[in-house]
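Quick mapping for you: the protein sequence lines, in order, are chains A, B and C. With the numbering used here as the guide, the letters of the first sequence map in order to residues 1 to 354. With the numbering used here as the guide, the letters of the second sequence map in order to residues 1 to 153. With the numbering used here as the guide, the letters of the third sequence map in order to residues 1 to 373.
No lab work stands behind these hints, which were simulated from the structure alone. A quick note: this is a predicted structure, and the numbers were derived from the prediction, not measured. One or more of the hints may lead you astray.
Straight line, CA to CA, 30 Å or less: simulated DSSO-like cross-link-like pairs of lysine-lysine [to be verified]:
(1) C/Lys353 x A/Lys155
(2) C/Lys177 x B/Lys84
(3) C/Lys215 x B/Lys42
(4) B/Lys127 x C/Lys57
(5) C/Lys208 x B/Lys33
(6) C/Lys303 x B/Lys142
Partial list, computed: chain B residues near chain C (C-beta under 8 Å) [what the hints assert, rightly or not]:
(7) Phe130
(8) Asp134
(9) Gly137
For each residue, glycine too, the CB sits at the ideal point set by N, CA and C.
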Amino acid sequence: MTIALSITKNIHDWLYSIMPETAAMYAEMVLIALVYLGVFAIAGLFLVLLERRVAAWFQLRIGPNRVGFQGLLQTMADAIKLLSKELTGTAKADKFLYNLAPYFVIISSLMALSVFPFTQEFQAFDINIGIFFLIAVSSIGVIGILLGGWSSNNKFAMIGAMRSGVQTISYELSIGLSLLTMVLITGSLQLSEIVEVQKSGWLIVQGHIPAIIAFMIYMIAGTAETNRAPFDMVEAESELGAGFHTEYSGMKFAYFFLAEFINMFIIAAIATTVFFGAWLSPFGITESIPMLGVFWFLLKALILVFLMMWFRWTFPRLRIDQLLTLEWKYLLPLNLANIVIMALLVWHNLTISF
Amino acid sequence: MKNEELQGLIGSWSPDLMFSEEGSQYLNVTVPKEELHAILFKLKHDEQTSFDYLFCLTGVDWGEELGVVYHLESTVFRHSLVVKTQTAERENPALDSVCDIWATAEFHEREVFDFFGIEFTNHPNLKRLFLTDDWDGFPLRKDYEDNINMIIK
Amino acid sequence: METVTLDSNFKSEEYFINMGPQHPATHGVLRLLLTIDGEIIKKVEPDLGYIHRSIEKMCERDSYQQIVHLTDRMDYLSANINNEAVCLTVENALQLEIPERVKVIRTIIGELTRISSHCLWWGVMGMDVGALTTYFYGFRDRELLNDIFEETCGARLTMNYNVPGGLMFDIHPNFVKRVKDFIAHFKTKLPEYDRLLTNNIIFQKRTKGVGILSKEDAISFGASGPVGRASGYSCDVRIHHPYSALDKVTFNEALRTEGDTYARYLVRIQEMWESLAIVEQLIDNIPEGEYRVATNAVIKLPKGEYYQKVETARGELGVYVISTGLKSPYRLKFRSPGFSNLSLLNHIAVGGKIGDLVASMATLDLVIPDIDR
Chain A
1 MTIALSITKN IHDWLYSIMP ETAAMYAEMV LIALVYLGVF AIAGLFLVLL ERRVAAWFQL
61 RIGPNRVGFQ GLLQTMADAI KLLSKELTGT AKADKFLYNL APYFVIISSL MALSVFPFTQ
121 EFQAFDINIG IFFLIAVSSI GVIGILLGGW SSNNKFAMIG AMRSGVQTIS YELSIGLSLL
181 TMVLITGSLQ LSEIVEVQKS GWLIVQGHIP AIIAFMIYMI AGTAETNRAP FDMVEAESEL
241 GAGFHTEYSG MKFAYFFLAE FINMFIIAAI ATTVFFGAWL SPFGITESIP MLGVFWFLLK
301 ALILVFLMMW FRWTFPRLRI DQLLTLEWKY LLPLNLANIV IMALLVWHNL TISF
Chain B
1 MKNEELQGLI GSWSPDLMFS EEGSQYLNVT VPKEELHAIL FKLKHDEQTS FDYLFCLTGV
61 DWGEELGVVY HLESTVFRHS LVVKTQTAER ENPALDSVCD IWATAEFHER EVFDFFGIEF
121 TNHPNLKRLF LTDDWDGFPL RKDYEDNINM IIK
Chain C
1 METVTLDSNF KSEEYFINMG PQHPATHGVL RLLLTIDGEI IKKVEPDLGY IHRSIEKMCE
61 RDSYQQIVHL TDRMDYLSAN INNEAVCLTV ENALQLEIPE RVKVIRTIIG ELTRISSHCL
121 WWGVMGMDVG ALTTYFYGFR DRELLNDIFE ETCGARLTMN YNVPGGLMFD IHPNFVKRVK
181 DFIAHFKTKL PEYDRLLTNN IIFQKRTKGV GILSKEDAIS FGASGPVGRA SGYSCDVRIH
241 HPYSALDKVT FNEALRTEGD TYARYLVRIQ EMWESLAIVE QLIDNIPEGE YRVATNAVIK
301 LPKGEYYQKV ETARGELGVY VISTGLKSPY RLKFRSPGFS NLSLLNHIAV GGKIGDLVAS
361 MATLDLVIPD IDR
């Protein structure tokens, strides 16, 4: 079942009625892109605020609460400030790559956002290799980080970028393998199909023990993938100052910053889709109101986002060699064994479904 | 070990040492600069003295001479000793480094070199520690003059 | 580390980076010249002097009362203990009889200062290994102590509470009650420190076996305070050369033998418990009496040399005064604990990663004005 573009069905019909087919197609794409850009910006800003409030909560503080109701406009104000800031950079930077880097980071996370099934209706791009597409696209971001660190002509940035490369290459494996474990149950990479399968029980329930192991590995690897504490080797402010974005200022810095938060949301959204039934409500309690799917999706994703913030404000940072040891010596073998177990479960029909 | 015993023991090592307890809570021994390194080496490695802890190394400008004061303590016997040495040379004063005996001396000697201009021979990395390399003069000497930065009452 | 022979096209080169003078991990204006091969530290060379104020030269010009005020600009986190060191030197030289009340109050305030300094260190230590939340927990408890100091002497950081001959003012009527409240509060909060950071597996992996300093090296490098004690070197001035009221209290010297970063961490945590015990023993029996004995307006020390050791939060502070009988010292030298502790940084950091350097540097607990003086 393909549910492509159905949220825009009315607009779609209207556009096709007033202009030639090719023009309407382009106009439609631009419109969708604009909608997602808006979602992207608002989600990013909201997540920054959420992070700050959560951090304040953990740290016995209050957090931003003056600009707007409960500080809702605080990050908006910050964004405006960053927009108006002067863009500075090092004199001997590789100008082209230096300016290009933030776009790599932000575009990769924007692309990933397009495939999520927020509800049955609200999904821009239901590609049949959905999971594969997500993994592929989200790893483009590291190129931006590498470029940014390398072209800044700053040794701290360079160390940060190199760490990022090492880290992403390693943890990409765990992300891929843990998602693959779940694909064994669904038998499809298409996100809408995966949701469809979960109507008889979320995958974390269907796959029980191996699914829970896969989810834990996925969350660890996902935190590492987004370069957040305790895996923030890339920034490691007590070691590298600001890491790869040491030399960035103003809006270019803000792109890196926003992308980090969007990536966190993406990691949580993938987990929501693959493990927790995306927009499906628990026990189907609101099945009759499909629009509430957005609510369930966001609720689940935000709980996972909160979990990642909890990690960040509790744990100390790992050292770079410990980071690699964790992945190559523990997570990867565990993951491979887990796939085999899951395959056996699926083969013998030992999964739980209602 | 009591001060008298220390004086008797150390005094037997060399005839040129001068002892004094006047105006100080420790036993003071003045060592000629030629014998400095040998005496200090022995003070640390002799099993009866075992002065393994150099807790203070001070440069002093005595007016005519420049000197260094070593405060020693033994972590085994918990007795203390002050060793003093000086050089009459003010243009190119030089003393033996004790870095090879106590590792902490490396930084303390650099500090003394920085502020008193005393060269320590055999120091592995003798350069200015606090001041810039092109700083003129040695500020903690009594004849140092700086009309801009010093307020003289 | 195993050495890997690389193809000649891939040359492995060492390079320099400047850590500081503005860097989050150096806690001030310390500049470290690092020689690095990839992530591995080959050499650490500190470059000092960014806030050198020539306090020793100024002392040769000032009166002894003025010198006291300069000392709390050195190690500002143990300001009170620094003040005490100079006051003790002057009092011993003049052979003044100091009232018991003064001695007890000085010891209480000194130990509270030590707790306050260790609270800040604990917060920053967590931050240096990447756990940002510890900072606020440490400051929460430190704030209560600062309030007590503020009520006692009007200042929160550079207190100048000691003067030669005693204290500047008597303690505030609330002092005893507030200190008792603090002790009760802090006893419930210290275990929280362990739950948040000490028992964290990542933290333990980051610090155990990192930056090892042997006992022989600790003595040779002149390490003192928690750095020396973590290497099994019993160097607590409070035990070996007790001053003020410290000979009236019983406490254990926090000693460990591992000599690694984790041991230095545990020694400081234990020191907070010990300091609490010292304050508890004294707070109920502060003797009545004068809070100051009169001294001459112009203090002239008799001709001679005076040396006084005290234990600050960072280690052994020595004040060496050479007096010629005038109102100012002929030469005054501060043997600061941070200076000697910094000199061993290269020794313990070489061979580790950048992250190890930051972790070991955090447990040296450097305060840069203390080193630069």
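Practice task
So, aspartate 134 of chain B near chain C? Judge it on the closest CB pair being under 8 Å.
Solution key: Result: violated, 13 Å to nearest chain C Cβ.
Handout entry: Straight-line alpha-carbon gap lysine 353 of chain C to lysine 155 of chain A, limit 30 Å
Key = The hint holds at about 15 Å.
Exercise for the section: Given the hint that lysine 208 of chain C pairs with lysine 33 of chain B, test it: the Cα-Cα distance must not exceed 30 Å. Expected result: Not satisfied, since the Cα-Cα distance of roughly 45 Å exceeds 30 Å.
Problem - Hinted pair lysine 177 of chain C and lysine 84 of chain B, Cα distance within 30 Å - result: Roughly 50 Å separates the two Cα atoms, so the pair is violated.
Problem - chain C contact restraint for glycine 137 of chain B - C-beta distance below 8 Å - result: Check failed: Cβ of glycine 137 of chain B comes no nearer than 12 Å to chain C, outside 8 Å.
Handout entry: Pairwise hint evaluation, lysine 142 of chain B against lysine 303 of chain C, where the allowed Cα distance is 30 Å at most
Key = Holds: lysine 303 of chain C and lysine 142 of chain B sit about 18 Å apart, inside 30 Å.
Exercise for the section: Given the hint that lysine 127 of chain B pairs with lysine 57 of chain C, test it: the Cα-Cα distance must not exceed 30 Å. Expected result: holds (20 Å)
Handout entry: Interface hint compliance - phenylalanine 130 of chain B to chain C, C-beta minimum distance less than 8 Å
Key = Hint holds; phenylalanine 130 of chain B Cβ to chain C Cβ min 3 Å, cut 8 Å.
Problem - Hint consistency between lysine 215 of chain C and lysine 42 of chain B [alpha-carbon to alpha-carbon, up to 30 Å] - result: At roughly 21 Å apart (the allowed maximum being 30 Å), lysine 42 of chain B and lysine 215 of chain C satisfy the hint.
Checked against the numbered hints listed earlier, the structure breaks hints 2, 5, 8, 9; every other hint is satisfied.
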